[in-house]
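Enquirer: As they're listed, the protein sequences go chains A and B. If you count by my numbering, then the first sequence holds residues 1 to 167, one letter each, in order. If you count by my numbering, then the second sequence holds residues 168 to 801, one letter each, in order.
No lab work stands behind these hints, which were simulated from the structure alone. There may be inaccurate statements among the hints.
[To be verified] Taking lysine to aspartate or glutamate and the EDC-like style, the derived pairs with C-alpha atoms no more than 20 Å apart in a straight line are:
#1 A:LYS30 / B:ASP610
#2 B:LYS708 / B:GLU698
#3 A:LYS30 / B:GLU381
#4 B:LYS331 / B:GLU307
#5 A:LYS30 / A:GLU57
#6 A:LYS30 / B:GLU698
#7 A:LYS30 / B:ASP764
Computed from a predicted model, the values in this text were never measured in an experiment.
One letter stands for each residue in the lines below.
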Amino acid sequence: MSDPFATLGLPVRFGLARSEIEARWKELSKALHPDRHMQASPAERRQALGRAVTVNEAYRAIRDELGRAEAVLALRGGRTRRDADPALLMEVMELRETLAEKRASGDQAGVRRLSDRVEAQASAVRVALAMALDGEPPALDIAAAELARLRYLQRFLDEVRATEDEA
Amino acid sequence: MSLLQIHDPAAAPRPIGIDLGTTNSIVAYVPPSGGPVAIRDCDGEALVPSVVQYRAQGTPVVGTTAQRTAVEAPADTIVSVKRFMGRGAADPETRRLGPYRFATSEGPVVKFAVAGERVVTPIEVSAEILRELKERAEDELGPVGGAVITVPAYFDDAQRQATKDAARLAGITVLRLLNEPTAAALAYGLASKRNGRFLVYDLGGGTFDVTLLELEDGVFHVRATGGDSQLGGDDMDRALAAELLAALPGEEPARVRWALDAARQIKHALTEAAAVETELEFAGVRVPYRIERTAFDAMIRPLLERTGRAVRRVLADAEARATDLDGVILVGGSTRVPAVRAYVQQITGLSPLEGIDPDLVVALGAAVQADVLAGEGERPDVLLLDVLPLSLGIETMGGVVERILGRNTAIPTEAAQVFTTYADQQTGFEIHVVQGERELAKDCRSLARFTLRGIPPMAAGLARLEVRFRVDADGLLSVSARERTTGIEQTVEVRPTYGLSDEEIEGMLLSAYEQGEGDIQARLVAERRVEGARVRMATEKALGEDGDLLSSDERRAIDDALAQLSASLAGEDPRLMQARTDALETVTHAFAGRRMDRAMQRALAGQAVDSVAAVTQNARGIERAHEPLAETKA
């Protein structure tokens, strides 16, 4: 897929506001959505549809922060880390164990404290990630490591939330 | 189908909106001036019961007549066919419903065995209802153009595809499938509000749906949807009928039917009156009967509380509270009952919007959208951006679902995922497409299964199989797969199998013609001519707007193709018309691309395309009327 930032007419930046991305997506959708070209010739309808799809793909690619970080990293010539840092794995495993213990003992307040703490860590990672990706020049290795970290923390938080919903 | 002979072929076909409901169906349109109106029969009735009766001979009977005689031929009279749409023959829901004879107990599509030794699918049954609605519209309007057809927000891909197939079978061009709650919001003109959260409470005869709609900067999102597929006004009738049967005891079917009819009449009377005094009469026995509205309200209270639970669940799913709501819309005839309205007001703290008949509101909204999409003249600036209601994925090893497109993805869209083989020398690859939010494929809705064959034998893990999902603006999926390691490309284009293949639809259409329903050649000529003229007009309009994007050579080529097309349209040869239309297509391909690029540039320049259009119009001295949308009282 081509550069999703260019498709949406945005600078390649991690630190974009979601509302800004959404606004671009909506403006382009208004120009390209099939509903706007119902009366046009089939050639134009096909062209509009193809572009609407590209715009929606670009929006999906960079709307959420993890996808956006990945896209910036790739465009800046960095590589996403597939192998996780052993220290990070250890840390996440410990978080999981703590969570399981607190759950088992029915310590709801403890679960919430834990998730608040991880949430705060994730926020700090976001700041570091923005500095690494959007700096001049970007610090690609740091960015890749922070991105991996954010992904693990985010997954942990999603799991906490999912099990809360079940409870 | 005699429209070709009767109506002026030059008259512009008019777009229509259709509410294809479980209990009743309605067709509506927007007249050249004013808001949307429902089309009524000679008795002034807009509701067509969604009932189709097959007889040993002749075409099936649809609507009131079929409903009246349903008891005489229960197995040949398909009631509430919408409940079967997109369901497999082995689906437990299929088995549970109705007195029908099923022609098969397996396969992706339900098949009813009906009178005349016929076997029909829910798609064909729905097509009969749509055909009836289309004919009604044609009687009133002359030629009918495309249609917007509404579907429940929770309809999955199979159900949407089945609805679209039914329309094709009925000879209707589908402009768009529209979510029912969104249609109701459009009828109330809420799109012009730009932002807000609206609860749509839809209590029909036998189903209850509740949806939280969010309007964000002119974009509607279905935030959450829920309800009860076995709850509706019929349950109120049953509750009251039980009391009537206590007054005139007995269990024979005729008595039960009498009690249900009497109960419905009393319920309707209680909508206006605080008490009803009447005489019950069955089989010559008469009993005086009196009921206060408060007693009826107490009787249906448990039903209302069931709807309340569904409302709270939907609010919770959307992480919203009742105080976040900006409006409540009532849909469905059962919301006329005063206790329903009062209850909704009590649980939401908002008094529901008023002014549009709750039976018609969905059809009227569909008509508004059809008019926006295909109507003539200036229309208010409404663009609905829709999202996938449920995630799409494929089954991988161990029955786990790999999600390819998540729910709430903006459509139209596409996405691809690369898979590999798990066994050495594996030459086939089974692809199982599912829809739903669950982790395991067996808990999701199965949409299609197909096998990609002819993969060159190689070690496990070496083949690279790309599976691509495409979803159009109606939320309909097509899947293709190709193997891309050895330069050998295999592309299999698959439309999920629950619907009908193009061949099957063609076959059904042809058999309809064989039954003497029309002249296929005349229809073909008419269709090609309309299509050719449409393409010509669109091209001329494009040349007027963006002619500067063309070199003089390119311009000459397009002008030539236009002249050739016009000449063919004056003749009677449908193949020539098609060929010339295609030729014009070919020479305008690059032009169309440049026009889209320009449109994108304008959009990105922060200058909405609409305002550009408005400026151009003002420059030409045309003033655009800003009329409020659909403030109709039906």
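Enquirer: Decide, hint by hint, whether the structure agrees.
Expert: Okay, the hints, checked on the actual structure:
1. With a CA separation close to 37 Å, the supplied pair LYS30 (chain A) and ASP610 (chain B) exceeds the 20 Å bound.
2. Taking the CA atoms of LYS708 (chain B) and GLU698 (chain B), the gap is near 15 Å; set against the 20 Å cutoff, the hint holds.
3. Under the criterion of a C-alpha separation no larger than 20 Å, the hint pairing LYS30 (chain A) with GLU381 (chain B) is consistent with the structure, at around 18 Å.
4. Taking the CA atoms of LYS331 (chain B) and GLU307 (chain B), the gap is about 24 Å. The hint is violated against a cut of 20 Å.
5. Note on LYS30 (chain A) and GLU57 (chain A): the hinted pairing holds, with a Cα-Cα distance of about 16 Å set against a maximum of 20 Å.
6. Our distance criterion of 20 Å between C-alpha atoms is broken by LYS30 (chain A) and GLU698 (chain B), whose separation comes to about 25 Å.
7. A C-alpha spacing of about 14 Å is found between LYS30 (chain A) and ASP764 (chain B), which places the hinted pair at or below 20 Å, so the restraint holds.
Hints 1, 4, 6 from the list above are not met by this structure, while the remaining hints are.
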